[in-house]
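Asker: One-letter residues, chain by chain:
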Amino acid sequence: MSDADVVIIDSGGANLASLRYALERLGARSLVSADPQVIAAAPRLLLPGVGAAADAMDRLRADGLAGTMRGLRQPLLGICLGMQLLYEHSEEGGVPCLGLVAGTVRRIPAAPGRSVPHMGWNTCRSLRSDPLFAGINDTDYFYFVHSYAAAVSACSCAAVDYGAPLCALMRSGNLCGVQFHPERSGHAGARVLRNFLEQ
Amino acid sequence: MRFREHRVVGDILELAGRYRDAGADELVFYDITASPEGRSVDRAWVSAVARLLDIPFCVAGGIAGVADAEAVLAAGADKVSVNSPALQRPALIDELARRFGTQCVVVGMDSRLTDGGYRVQLHTGDATRTRDGGRATLDWVREVQERGAGEIVLNCMAADGVRSGYDIAQLRTVRECCSVPLVASGGAGNAAHFAAAFNEAQVDAALAASVFHSGELSIATLKSWLRTQHIEVRP
Chain W
1 MSDADVVIID SGGANLASLR YALERLGARS LVSADPQVIA AAPRLLLPGV
51 GAAADAMDRL RADGLAGTMR GLRQPLLGIC LGMQLLYEHS EEGGVPCLGL
101 VAGTVRRIPA APGRSVPHMG WNTCRSLRSD PLFAGINDTD YFYFVHSYAA
151 AVSACSCAAV DYGAPLCALM RSGNLCGVQF HPERSGHAGA RVLRNFLEQ
Chain E
1 MRFREHRVVG DILELAGRYR DAGADELVFY DITASPEGRS VDRAWVSAVA
51 RLLDIPFCVA GGIAGVADAE AVLAAGADKV SVNSPALQRP ALIDELARRF
101 GTQCVVVGMD SRLTDGGYRV QLHTGDATRT RDGGRATLDW VREVQERGAG
151 EIVLNCMAAD GVRSGYDIAQ LRTVRECCSV PLVASGGAGN AAHFAAAFNE
201 AQVDAALAAS VFHSGELSIA TLKSWLRTQH IEVRP
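Read top to bottom, the protein sequences are chains W and E. With our numbering applied, the first sequence covers 1 to 199. With our numbering applied, the second sequence covers 1 to 235.
This is chain W alone, in the form it adopts within the complex (with noise of 0.2 Å):
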């Protein structure tokens, strides 16, 4: 149906340049979908998000792709807020989500000396060896901006510490998640996603 290396799922967020920007750099064919039978088709999937979880929830089951999302056997990552949407519920509107992987979002408490947003650089901490983290090291930094967050359960691969560990890397068979932004995350993003392009 196409030759694109990867398919980005439109879940209507505003911002998808810097993805396919990240992708363009590291030499892969993306398309930006939201169509069922292209997404169902595709050698690999990410699943972004920008803005709240409602509304990213009522744009994939407008789209039919809630269902969809079910069925899928190929690699997919979701990033920041499309890693959430693998959940369960989340807090952020009080919404159930894709439910593929078990858990709830909860949003971050804001304390002195913790800002909310959490908006900046990390390190994180492994929790277990992941493929997508092949040549990552606890010394390297991850840009993340997000105010809701999945606490490290069984598919939690690496850990960021803000005010509690919080899952920065899942991964429950086919599907992967990423809580910071690996398409601005420097050369530690880059290594991320093309693992992710190797996997």
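These are computed hints drawn from the structure, not numbers from a lab. Glycine included, each C-beta is placed from N, C-alpha and C at the ideal position. One should not assume that every hint holds.
Label pairs and their calculated CB-CB ranges [to be verified]: (1) Asp-139/E x Arg-25/W: 39 to 47 Å; (2) Ala-62/W x Ser-164/E: 54 to 62 Å; (3) Gly-94/W x Glu-232/E: 33 to 41 Å; (4) Gly-134/E x Ser-172/W: 50 to 58 Å; (5) Glu-146/E x Gly-113/W: 20 to 28 Å; (6) Ala-102/W x Ala-44/E: 43 to 51 Å; (7) Gly-161/E x Glu-91/W: 41 to 49 Å; (8) Pro-131/W x Gly-134/E: 49 to 57 Å; (9) Leu-113/E x Ala-110/W: 22 to 30 Å; (10) Glu-88/W x Gly-134/E: 44 to 52 Å; (11) Glu-146/E x Val-32/W: 28 to 36 Å; (12) Asn-174/W x Asn-199/E: 23 to 31 Å; (13) Glu-232/E x Ala-110/W: 15 to 23 Å; (14) Asn-174/W x Ala-44/E: 26 to 34 Å.
Chain W residues, not near chain E, derived (Cβ > 10 Å throughout) [said to hold, decoys possible]: (15) Gln-37; (16) Ala-66; (17) Asn-174.
Got chain W; can you put chain E on it based on the hints?
Answerer: Same frame as chain W, now just chain E:
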């Protein structure tokens, strides 16, 4: 980076690439004459910058509505920063936050100490048009957070361009009522000024322009010095 219309895109890309390689954690592009001239930023350069950069960047200047912001974000910017247009029509912040999420919405404010305390100023990009923004700075800081600002850049005008240090007293006062990320702006002249902003005013980030543009302080030198002060920075 502050630039005006006549600055060609090649210059912007060259500078952006240089700061990326030098270890800048984020870049902010100010089109400082956009609001006083009643126009929004020319966007051709935004996608060129987005192609080049693998670090986050923010576009400021002349964003007066959802459509302006959408164009800039669709071109690949990570955040938009609003200042004068938000003061003139505060609902702009709610609209941007609802459409794009709070993490995209930076509110910049130019603030100075007056006889009536700290006050925000309008149209500071054009000295002949600068005037009082009609609000006490602390009231505005509280209001923009309620409306959905995801980050506040506080430019302390008395310190701006003077390179005698960030306005620590003002930043501390604002920090007390600011639970979103607070970025110090205005006054950086040496590495110790950055450390003071982090240690004494607990800001989340420090922004500087002229001290880097002039070559007086390199980002590498700054970061290695901050590390000796036990302030965590990305290598």
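Asker: All the hints need checking, so say for each whether the structure fits it.
Answerer: These are the hints, each one checked on the structure:
no. : hint                              : result
1   : Asp-139/E x Arg-25/W: 39 to 47 Å  : 44 Å, holds
2   : Ala-62/W x Ser-164/E: 54 to 62 Å  : 55 Å, holds
3   : Gly-94/W x Glu-232/E: 33 to 41 Å  : 35 Å, holds
4   : Gly-134/E x Ser-172/W: 50 to 58 Å : 52 Å, holds
5   : Glu-146/E x Gly-113/W: 20 to 28 Å : 22 Å, holds
6   : Ala-102/W x Ala-44/E: 43 to 51 Å  : 46 Å, holds
7   : Gly-161/E x Glu-91/W: 41 to 49 Å  : 43 Å, holds
8   : Pro-131/W x Gly-134/E: 49 to 57 Å : 56 Å, holds
9   : Leu-113/E x Ala-110/W: 22 to 30 Å : 27 Å, holds
10  : Glu-88/W x Gly-134/E: 44 to 52 Å  : 46 Å, holds
11  : Glu-146/E x Val-32/W: 28 to 36 Å  : 34 Å, holds
12  : Asn-174/W x Asn-199/E: 23 to 31 Å : 46 Å, violated
13  : Glu-232/E x Ala-110/W: 15 to 23 Å : 20 Å, holds
14  : Asn-174/W x Ala-44/E: 26 to 34 Å  : 40 Å, violated
15  : Gln-37                            : 25 Å, holds
16  : Ala-66                            : 20 Å, holds
17  : Asn-174                           : 27 Å, holds
The structure does not agree with the numbered hints 12, 14 stated previously, though it agrees with the rest.
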